[in-house]
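What follows is each chain in one-letter form.
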Amino acid sequence: MSSELERVVTVVPEAGLHARPAATFVETVTDADSDVRIAHATDDDDDTDLTPAASMIAVTSLGVEHGEEIRIVADGPDAAATLDELERVLTTPEDELGEENATATDTDATTDTNA
Amino acid sequence: MPEQMSRRTLTGTGVTPRAAVGTVVWYDRDSDLEDPDETSVDPQTELERFENAREAARAELEAERERTAERVGEQEAGVFDAHLQFLDDPQIESGVASAVENDLPAEHAVKRAFADPIEQFQDMDGRMAERADDLRDVRDRLIRLLTGSERVDLGDLPEGAVVLAERLTPSDTAQLDPDQVAGFATVTGGRTSHAAIFARSLALPAVVGIGDELREVEEDATVVVDGETGELCLDPTDERREEAAAASEVDVRTDPVSTADGRSIEVAANVGQPAELDGVRAQGADGIGLYRTEFLFLDRQSPPDEDEQYEAYTTALDTFPDGRVIVRTLDIGGDKPIPYLDLPDEENPFLGERGIRRSLDSDTELFETQLRALLRAAADGDGDLAVMFPLVATVDELDAALETVDAVATQLDAENVAHAVPELGVMIETPSAVFAAPELAERVDFLSVGTNDLTQYTMAAARGNENVEALRDPTQPAVLRAIARTVEAAHENDAWVGMCGEMAGDPELTELLVGLGFDELSMSAVTVPDVKAAVQSSHTDEASAHATRALDAATREQVRTQRNE
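So the sequences go chain by chain: H and G. For what it's worth, this note's numbering labels the leading residue of the first sequence as 1, then goes sequentially. For what it's worth, this note's numbering labels the leading residue of the second sequence as 1001, then goes sequentially.
These are calculated hints, taken from the structure and not from any lab test. Remember, predicted model here, so these are calculated numbers, not experimental data. Glycine is no exception: its CB is placed at the ideal position from the N, C-alpha and C atoms. Just so you know, not all the hints are guaranteed correct.
[Claimed, not checked] Pair ranges (Cβ atoms, derived):
1) G:S1302 with H:E14: 34 to 42 angstroms
2) H:T42 with G:E1119: 57 to 65 angstroms
3) G:S1098 with H:S3: 30 to 38 angstroms
4) G:R1058 with H:D33: 21 to 29 angstroms
5) H:S3 with G:A1063: 36 to 44 angstroms
[Said to hold, decoys possible] Part of the chain H face toward chain G, derived, beta carbon under 7 angstroms:
6) A19
7) R20
8) V26
9) T28
10) L62
11) G63
12) H66
13) G67
14) A81
15) L83
[Claimed, not checked] Away from chain H, derived, C-beta distances all over 12 angstroms, residues of chain G:
16) E1055
17) A1059
18) A1082
19) D1116
20) R1131
21) E1228
22) E1365
23) A1478
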């Protein structure tokens, strides 16, 4: 019996699958016991397009933007739970990701926005 | 000598009206590796070296992440999460492993393992190209740790150094010795970046946000950094060097100044860090018109005690034995994370619980400790102390603050501790304070107009929002009239009136402010010499005619054009 499961998820964070959302995504994959691979969701899903999701470089280089759909394939004992958790990461707006005091920085006039 | 092809000028955002010539010192630049020796290496040893460097890099990144989250914000700290993930990327791991198998030492293995992904991202556009920078950062950090090369010590630079960097963080600029540094230029950053504000406060020539081209500038090159035009001139002509050298000689007036017809105007500087005190004096400021006390409270796990604050205030007063130091009590709100304060997560912290609102409510203990330190410093420090309260919106708030001062004084009396009640004042930053100005002025010695906030709150145009920049101008007629009303209310109630905020530092507006009747102006130290000169060349009669015309103007355009009539 195959334990491979898959799901298509729309990416909610404004930043797309870059920077912090990507880091959180990869961290979740690394913490899971299942093997996870991802690809852009297209009409004719072809497994040869799948990229290992435990690599920040691979995940970021997909260039997934806010509002786009990705296909996630998980294979392993906690495949269902891993998919749930990854879906949560991808559907949480960026300013709610991570720790609590992530607000209000955009109103601080002295913040170096280029940093 | 023929004109060289390499003679070039890079442009960015100039942040100070100053220029200087100097020698390039790179801070934290890509390390160039020597070619590896022919001798073979032990793959196992090199892998261990890589692992150790990775451990060290992880520790550095985690520390920097934490510091950024505290100082700047959780969002900005997110970049370090990305770096940490790149550090552990399986593609990098396998790349390094196969390179050391091919007899490359660890630092070269790192360089090779990162080469492909960096190139891959570099060729994509926009945001993806930024990922190449992230990878470079991680790569260079690892190589630096592997080769044991140290970052340049910013506290020990050769004289006349022009520091070039990706960016300068608060901890970087805090180490810079302004006497040794001729100026600096950065790849990233804008006018409101930390580095820019720091440069203005020290009158350091600086250009920020030059972009990638800056990275091509070589160590030890001679450059002119021009903070007025926003240019970094590489391999400058003799003429250009002389210009810069001449421009860096400023006509500093150390004595107090008065208008051509003899009305004296106090010209003071704004200070946000104790390190700025000497620079402020060197620019000829008469005193400090806005001493921000937040630096004492930020970046630490517990609040400063009374003695530490007393020391800081006394040091400022001793720097200006014949001048006045106006200290603003703690002005903090939900936009600045302070771990030991229970700051609310507010939707709009600039309209929330901040400034005097917190001092009278959640932070009363902090407020009393600060006042105790201030009253003691007022008795012992050389200069004259004045204390003002931020973001006062009602007469009740002022009454409560004044009662607290009385209570603190009574207590110090009872304890037999030497103290004095300093001059007390109110910052006028909200439209409500403008309308209440007569009653506020009646109760205190002075009013100080904080133009940045008064403009933001009067025009409903947030600081830092570029889309409403035209509205956020103190020469908007509504703001000008609010300011005039404040000055009038102060004088009718025997209070003197000052201004702290960017408007006070614009020499083109000095005559207008003299005409409106200001007794004191406080600004970034860098503009003190120019404003002192503008005071001396103005005449009160002409200035008040100028002010009258400006107050009659219906549009910002009219305010500006009549200036030259």
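We went through each hint and held it up to the structure:
no.: 1; hint: G:S1302 with H:E14: 34 to 42 angstroms; verdict: holds, 36 angstroms
no.: 2; hint: H:T42 with G:E1119: 57 to 65 angstroms; verdict: violated, 26 angstroms
no.: 3; hint: G:S1098 with H:S3: 30 to 38 angstroms; verdict: holds, 31 angstroms
no.: 4; hint: G:R1058 with H:D33: 21 to 29 angstroms; verdict: holds, 23 angstroms
no.: 5; hint: H:S3 with G:A1063: 36 to 44 angstroms; verdict: holds, 40 angstroms
no.: 6; hint: A19; verdict: holds, 5 angstroms
no.: 7; hint: R20; verdict: holds, 3 angstroms
no.: 8; hint: V26; verdict: holds, 5 angstroms
no.: 9; hint: T28; verdict: violated, 11 angstroms
no.: 10; hint: L62; verdict: violated, 10 angstroms
no.: 11; hint: G63; verdict: holds, 6 angstroms
no.: 12; hint: H66; verdict: violated, 11 angstroms
no.: 13; hint: G67; verdict: violated, 15 angstroms
no.: 14; hint: A81; verdict: violated, 21 angstroms
no.: 15; hint: L83; verdict: violated, 20 angstroms
no.: 16; hint: E1055; verdict: holds, 17 angstroms
no.: 17; hint: A1059; verdict: holds, 17 angstroms
no.: 18; hint: A1082; verdict: violated, 5 angstroms
no.: 19; hint: D1116; verdict: violated, 9 angstroms
no.: 20; hint: R1131; verdict: violated, 5 angstroms
no.: 21; hint: E1228; verdict: holds, 21 angstroms
no.: 22; hint: E1365; verdict: holds, 22 angstroms
no.: 23; hint: A1478; verdict: holds, 21 angstroms
Hints 2, 9, 10, 12, 13, 14, 15, 18, 19, 20 from the earlier list are contradicted by this structure; the remaining hints agree with it.
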